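Asker: Protein sequences appear in the order of chains A and B.
Counting from 1, position 18 in the first sequence corresponds to residue 18 in this note's numbering; the numbering is continuous, with no gaps.
Counting from 1, position 175 in the second sequence corresponds to residue 1175 in this note's numbering; the numbering is continuous, with no gaps.
For the record, the hints were derived by calculation from the structure and aren't laboratory data.
Source: prediction; values computed, not measured.
Where a beta carbon is used, it is the ideal one built from N, C-alpha and C, also for glycine.
Any given hint could be a false lead.
Computed from the model, here is a short list of chain B residues facing chain A with C-beta under 7 Å [said to hold, decoys possible]:
id : residue
1  : Y1151
2  : V1160
3  : V1164
4  : Q1218
5  : M1219
6  : Q1226
7  : R1229
8  : S1233
9  : Y1234
Cβ-Cβ distance ranges computed for the label pairs, FRET-style [claimed, not checked]:
id : chain 1 : residue 1 : chain 2 : residue 2 : range
10 : B       : E1257     : A       : S8        : 44 to 50 Å
11 : B       : L1023     : A       : Q10       : 45 to 51 Å
12 : B       : V1049     : A       : K46       : 28 to 34 Å
13 : B       : D1037     : A       : E55       : 32 to 38 Å
14 : B       : N1046     : A       : D3        : 31 to 37 Å
15 : A       : S42       : B       : S1233     : 45 to 51 Å
Over the 12 Å line for every Cβ pair with chain B, so calculated as not near, a few chain A residues [what the hints assert, rightly or not]:
id : residue
16 : D40
17 : G43
18 : L47
19 : R59
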Amino acid sequence: MQDLLNYSGQIAQVTPDGRSAVVALDNQIQGAALAVISPDTSGRIKLMNGKGALEAGVRVTGTAKRGPDALKAITVKAAL
Amino acid sequence: MVLDNASNPPTISRNALISDFGLGVAKSVLEKLDAQDFKVVPNYENLLVGDVILSSQPARGWEKYFSEDAPIQVHQRTIPRFGSSTAPKWSHAMLYVGRLHVVESQVHSKSKDGNFRSGLRVAPLTLPSPDTELVICRRKNWQSIESFDGYRRNAALYGVVDHVVAPRSYDYSRIATLALDGKAGIFSDLVRKFIKARFHQSVICSEFVLECLAIGGQMLTQDWFQVSRSKDSYFYPADFAVHPDMELHAMEYLHLEKH
């Protein structure tokens, strides 16, 4: 069972439908420079509130698992 | 196309398809096979959910007036990164979602209701004609990554759900931009900017599959990131074939038994 990893970074690119995004990590984690916020990520809806879509430029933190080529965000919230 | 044992090809019966997939899914495959002269399906025992399926097909219809190859094949041969490889022959990319079905961004084709539609859809995976070739393109080292099966399945799930909740048409204008590229000066740049502005409404086949892998399955994420940020980046079907993290596996086929 993989341990969850803590990440922080900035939303760098949002998918065309606004439901998912790629986060550019502040520091590489286990060799990954990107994390993916997908429709499976918890906390995403709060980030979408008011706009109905994720927004590039927002700083976020959360927990993630190491995916094949990027982190898979399990949770996300706006960084304070 | 490479068919095994041409004189005595492996076969599958209609009943076997129904037993494996259930009546509803098997009906979808059988209806498509019944509508085509060539009744061959990929051997689905060799396919994994989340596999990229590449197809190669010569020019069809009006395309033949210009070349024996499909326009995307002709264009891909001009891309330096493909060099002298055979990758440019792959003209279409699909994502395998299981039970002999793929999700894809398809050019206009006749749907069951008789209307012509383009864009995202789930469709049966069959071999439409003897001059079509299919190949499996799979992420390398898939057996060594913990829960990799889950990542591939999530990529497929992303595609299946996305085609319903965020439907998009096939991006003809993006293909048109490719044809104009470098040949129409400022006009080409203007068209390119216009096309990128419409990126959320339409998508070409290979970039849709890339999005499914990158966002749904956290595979090739850097490639999607680069393509979606840059006006000048394109991800072609041939890019899957030459990608250092992907490997090609030959497709095997089953002929549908007559009775």
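Asker: Indicate, hint by hint, whether the structure satisfies it.
Answerer: Right, here's what the structure says about each hint:
A distance limit of 7 Å between C-beta atoms decides the matter here; for B/Y1151 the minimum to chain A is near 6 Å, and the interface restraint holds. At about 12 Å, the closest approach between the beta carbon of B/V1160 and any beta carbon in chain A exceeds 7 Å, and the interface hint on this residue is violated. The closest approach between the C-beta of B/V1164 and any C-beta of chain A is roughly 11 Å, which is over the 7 Å cut-off, so the hint fails. For the restraint placing B/Q1218 at the interface with chain A, the shortest Cβ-Cβ distance is roughly 3 Å, inside the 7 Å limit, so the hint holds.
Because the closest C-beta pair between B/M1219 and chain A is about 5 Å apart, less than 7 Å, the hint holds. Against a cut-off of 7 Å between C-beta atoms, the interface hint on B/Q1226 is violated, since the closest Cβ of chain A lies about 10 Å away. At its closest, the beta carbon of B/R1229 sits 6 Å from a beta carbon of chain A; the interface hint therefore holds under the 7 Å criterion. Because the closest C-beta pair between B/S1233 and chain A is about 12 Å apart, greater than 7 Å, the hint is violated.
The interface hint given for B/Y1234 is broken, as the beta carbon of that residue sits about 16 Å from the closest beta carbon of chain A, more than 7 Å. The hinted window of 44 to 50 Å between B/E1257 and A/S8 is violated, with their beta carbons roughly 58 Å apart. Separated by about 50 Å at the C-beta atoms, B/L1023 and A/Q10 satisfy the suggested range of 45 to 51 Å. For B/V1049 and A/K46, the hinted distance range of 28 to 34 Å is satisfied, since their beta carbons lie about 31 Å from each other.
For the pair B/D1037 and A/E55, the beta carbons lie near 51 Å from each other, so the given range of 32 to 38 Å is not met. Look at B/N1046 against A/D3: about 34 Å separates their beta carbons, and that is inside 31 to 37 Å. Between A/S42 and B/S1233, the C-beta spacing of about 31 Å breaks the proposed range 45 to 51 Å. The claim that A/D40 lies off the interface is violated: its Cβ sits roughly 7 Å from the closest Cβ of chain B, which falls inside the 12 Å cut-off.
Annotated as non-interface, A/G43 keeps its C-beta farther than 12 Å from every C-beta of chain B; the closest such distance is 17 Å. Listed as a non-interface residue, A/L47 keeps its Cβ farther than 12 Å from every Cβ of chain B; the least gap is roughly 16 Å. Under the 12 Å C-beta cut-off, the non-interface status given to A/R59 relative to chain B holds; the minimum distance is some 18 Å.
Going down the numbered hints, you'll see the structure goes against 2, 3, 6, 8, 9, 10, 13, 15, 16, while the others check out.
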